[in-house]
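Got chain U sorted already, so can you dock chain G onto it with the hints?
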Amino acid sequence: MANPLLDQQRSLLAHLTSGAAIFGKPRAPVDPALAGIDPGLLHLEARFSHEKRMEKIAGVFSRTLACLGGERASLERAFAEACPPAAIGRLENARQFHDFLLIHWLREPPRPSYLPDLAACEFAFAEARRHGDEGEADDRTAIIKSCSAKPHAIRRRPGVVLRRCGFDIRALFETGVMEPPPAKRDVALAIATPPGAAEPGVFELENAVFELLAALDDWTGRRAFGETPEAQALIADLATHGLLEFRA
Amino acid sequence: MTQVGEIIGLAYRSAIAEWTCANLKHFDVLEITVDHCIHGSAAQRAEIFDLVGRIPLNAHGVGLSIGTDVALDLAYLDQVAAIVERLEAPAYSEHLAFTRVPGRDLANLLPLPKTEAVAESIVAKVRTVQCRIPVPFLLENITYMFEWPDSKLSDAEFLNLICRETGAGLLLDIENVYLNSQNHGFDPRVFLDDLSPGLVREVHMAGGITVRDSEVGRSILADSHSHPVPEAALDLLDYALDRHRPQSLIVERDDRLDEGDEILADVARIRARLDARRAAHGKPALGSAA
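As given, the protein sequences belong to chains U and G, one line each in that order. Just so it is clear: in the first sequence, position 135 is 165 by the working numbering, and no numbers are missing. Just so it is clear: in the second sequence, position 142 is 546 by the working numbering, and no numbers are missing.
Think of the hints as simulated: they come from the structure by calculation, not from any bench. Just to be clear, a hint being listed does not mean it is correct.
Said to hold, decoys possible - Stretch-level coverage of chain G by chain U, calculated; a stretch enters the list once three of its residues show a Cβ under 8 Å from a Cβ in chain U:
#1 472 to 479
#2 498 to 509
#3 533 to 547
In this text, all values refer to a predicted model and were calculated from it rather than measured experimentally. A virtual CB, placed ideally from N, CA and C, is assigned to each residue, including glycine.
With the rest of the complex left out, here is chain U (with noise of 0.2 Å):
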């Protein structure tokens, strides 16, 4: 069935998100939907929504995007034409920019090589940052105490991400500072926020920890990791690292 108004809609947004609207000459013709609006005003709207919308993304990729140099206003040009905004949220955007620069990368080598990296911790950070501990500061408190009471069932925390590195880019988090550049290095990295920390953190992992704390996307019975004491020592850090939940 027709739909008139839900026709000029999409047609005023498929303007409004296209490279022509947002860089393009603003007196360039438009879609005949759009017929009687000045495409001036049409070229501040796209403009303005873009500028909104790449704030967003800065927020989350801020030293990736500082990283890119000369390379950032061709980029962010090619990643607006290609993938116009599906959604409101920053962790959304910032996803399809991500997503963008994987691709673009496949093509392009990136420069400086460790940017993949940055960026997916850069991602990772604001993945983590969404879950962050909300509503289970006392729930965790109850998680500690049951795990010295061996608990039955322990997971991964909700908001860890894991990610495997090339480079040791921890000390870019760390320190804030772009330089030196980070060593060439395979990491294994969870970034989470700990116990009554306001902000994720970035810890490394040894390569089996990474892989159990991978595997245990499910609750999983504790006794499948032995009672020994090294056992029963590792859960204890890692969930005071915010790593690991427990059930009783």
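Below, chain G without anything else, positioned relative to chain U:
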């Protein structure tokens, strides 16, 4: 600072959460954007919900897109309902606008063609909102860069029609009226005169910027919520309060948030205007509908 019948507050922003809490005594109410609860970080949500009981909270939305000509997102409305309940908010407000179509979300408020047919479709959606969220629903007038050529009704006629049919109230954004009047060349006082009596329940005040875009060919006022409330908007507030009696007034600021003194000065300037009105008329300018 609270005066009987005069409720003036600030639109809460997480970026200045600490500053806001330190200056809570200057505000009678905070307006919470429900979408910040939905999309914000866990820490931001916790900071917001921690305000419950410390200061009255109004609930405001930006993500409903009530004007998109598809069915409302009921899951979103249920999220809003839960947040409104948790905030103990007395009302929930949204913009009379659309921001998205299936597959694309501009996240920016866009105008609707102002016709009776469009108003009818909005009326049905407002009723859905009212069924889903058990507090009064308010629609906010937006600022718009352009108008649809097929609009047949004035801004006031469009709002009056929808609100009359649904019982929804109006969140009157004075800055938006001012910007629209400047950008589109109409008398803002006529808009305020034409609004039905008793419609205005809340007010927004803000300050924007002038954009000089040579390609557009003229200066445009933009609703950036970045600068002090202009005197012209305060004068328009005075004019509005001669005709309408909102229950609360919120100052909005989204940019240059580190200029806290400007925000407090805006609140003080508005209070001074209301105090002057109280002295002149012998009753508060804000409060329950007379």
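* To do: Go through the numbered hints given earlier and state which of them the structure violates, listing their numbers in rising order.
  => Hint 3 contradicted; others consistent.
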